[in-house]
Amino acid sequence: MKHLNEEELIDYYYGESESPAAIDTHLRECSGCAKDYASLTSDLSAIVAAPTPTRDADYGAKVWQSIRSSVPVYEVPREAPRKRSSWFALYPMLHSWSGGLAVAAACLFVIAAAFFAGRLWEHRNTPPSLANNVNGEQGKQRVVLVVLGDHLDRSERLLVELKHAGPSTEAPLQAEARDLLSTNRLYRESVKQAGDPALASALDHLERVLIEVSNQPAGLSQAKLDELQKEMNTDGLLFEVRVLRSRVQEDGDSKRNVAAATKGVSIL
Amino acid sequence: MEVNDHATVRTVLGGDKEAYGTLVARHSQNVFRVAFRITGDEADADEVVQETFLRGYQRLQSFESRSEFGTWIYRIAVNCALNMINKRKLDATYQIGEETDPSQKQVQVADTSAGPERTLLSREIESLQAAAMRNLTATERTAFILRHMEDRSTTEIAAALEIAPNAAKQAVFRAVQKLRRSLAPLRVNP
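Chains as they are written, first to last, in the numbering used here: chain A, 1 to 268; chain B, 1 to 190.
This is chain A alone, in the form it adopts within the complex:
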């Protein structure tokens, strides 16, 4: 019999061989393959997983607490209005009519005429500045999203630094926190007015952390850092900021796509 190659031996070792009985027999009869297999077994059995750190019983509850504010409630799908019945009622009528085909052709004609009339009307009545205004508004929104994304990005970096900070790194951290604080206030107010409760709540939480970080006259002690992490849940906030940053980025991308898609409209 042909000798077994490494792939066949690996398959056999993990119990995924297509013909384990044949390989078993071969390994008993062929000392060369048996030696290779013993070597493979020895190598693989030496590779063991590092012990997994333990997580306490309420780990799941903590994970849920950290994400629950970022997820919306699913809405129960409502039954669609029973308008379809009228169409169903029309169907036998159309079916029975000998001129059904003619009706369909007439419908098509009406739709096409309405379409061309609409195009013509749009040409004559659309003010030339409208498309530019739309693009201008979208451009403004894009700028806001980019600036907000940048703010969240900086905040994320600060929270990461805070997470790994030692008591000696307080000076640059505090300066950055003070810098972010003033802009954060502005964004929080505008977001609140724009009616985005998730973003407003995260910025509110961020503001409290920024105040704590920037208003420590004697710098950040280890105890203060621990307190921030525990009491103000900076880890949870970091995650929240990451989620929001990616959301803002996605919004920005979609706005950019919309802008790209409407570029053709302005030519009309």
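Honestly, the hints are just simulated from the structure, not real lab data.
In this text the structure is predicted, and so the values were computed from the model without any measurement.
Ideal placement from N, C-alpha and C gives every residue a C-beta, glycine not left out.
Wrong hints could be hidden among the right ones.
[Stated by the list, open to error] For lysine-lysine, the following BS3-like pairs were computed, each having C-alpha atoms within a straight-line distance of at most 27 Å:
#1 A:LYS35 / B:LYS178
#2 A:LYS230 / B:LYS17
#3 A:LYS163 / B:LYS87
#4 B:LYS87 / A:LYS62
#5 B:LYS17 / A:LYS62
#6 A:LYS192 / B:LYS178
#7 B:LYS178 / A:LYS2
[To be verified] Just so you have them, the derived chain B footprint on chain A, three or more residues with Cβ under 8 Å:
#8 7–20
#9 38–45
#10 60–74
[As the list claims (entries may be wrong)] Just the calculated beta-carbon pair ranges, DEER-fashion:
#11 A:GLU207 / B:GLU42: 24 to 32 Å
#12 A:VAL146 / B:ALA164: 34 to 42 Å
#13 A:LEU101 / B:GLU64: 39 to 47 Å
#14 B:ARG181 / A:VAL73: 52 to 60 Å
#15 A:SER201 / B:GLN177: 46 to 54 Å
Could you slot chain B onto chain A? The hints should help.
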């Protein structure tokens, strides 16, 4: 009586957001274990757990009741962990000073005496293993961990990594071959 996962998913989709907390509590330890094994870092694993359950919630409507929620969320976790290690790859600084000098790889594992030398030896082995694992690509490493440590079948690995079963099998083969080459100095010569 404990409500099963499918019923809980229906409850969440019916508008009871809090019910998802039960699913998180039930599966977070498993998700953490696989996340830790793939990322090799506790903080990263915690982040992967959060990301996994968040994505799970967002995609809950696509969860099909013919599969198990545990298997489904496990796949998402593998995917998130894989993304995490790909992201971390960009930060190459972690490798500085961790490459073991090849001349020091010549160790004798046959010595079973306990004590500081033995401890040092196991640290050396661990360090070599860690370095060998780092030399694998993200897909090879994940496929190997799922096969060797998580005892998952080729079909499950392929589904988790969203690749063809044959590609999953090849990833495991390549990982084993590379690991064996890297760990050859540890082999005890008869």
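A quick look at each hint next to the structure:
1. A:LYS35 / B:LYS178: 19 Å, holds
2. A:LYS230 / B:LYS17: 25 Å, holds
3. A:LYS163 / B:LYS87: 19 Å, holds
4. B:LYS87 / A:LYS62: The hint holds at about 25 Å.
5. B:LYS17 / A:LYS62: 16 Å, holds
6. A:LYS192 / B:LYS178: 55 Å, violated
7. B:LYS178 / A:LYS2: Satisfied, since the Cα-Cα distance of roughly 25 Å is no more than 27 Å.
8. 7–20: As far as the segment 7–20 of chain A goes, the hint holds, because 5 residues have Cβ atoms under 8 Å from chain B.
9. 38–45: holds (count 5)
10. 60–74: Result for this restraint: holds, n = 12.
11. A:GLU207 / B:GLU42: 24 to 32 Å: Once the Cβ atoms are compared, 29 Å apart, the range 24 to 32 Å for B:GLU42 and A:GLU207 holds.
12. A:VAL146 / B:ALA164: 34 to 42 Å: 40 Å, holds
13. A:LEU101 / B:GLU64: 39 to 47 Å: Between A:LEU101 and B:GLU64, where Cβ atoms are some 42 Å apart, the hint holds.
14. B:ARG181 / A:VAL73: 52 to 60 Å: 53 Å, holds
15. A:SER201 / B:GLN177: 46 to 54 Å: 51 Å, holds
Of the numbered hints listed earlier, the single one contradicted by the structure is hint 6.
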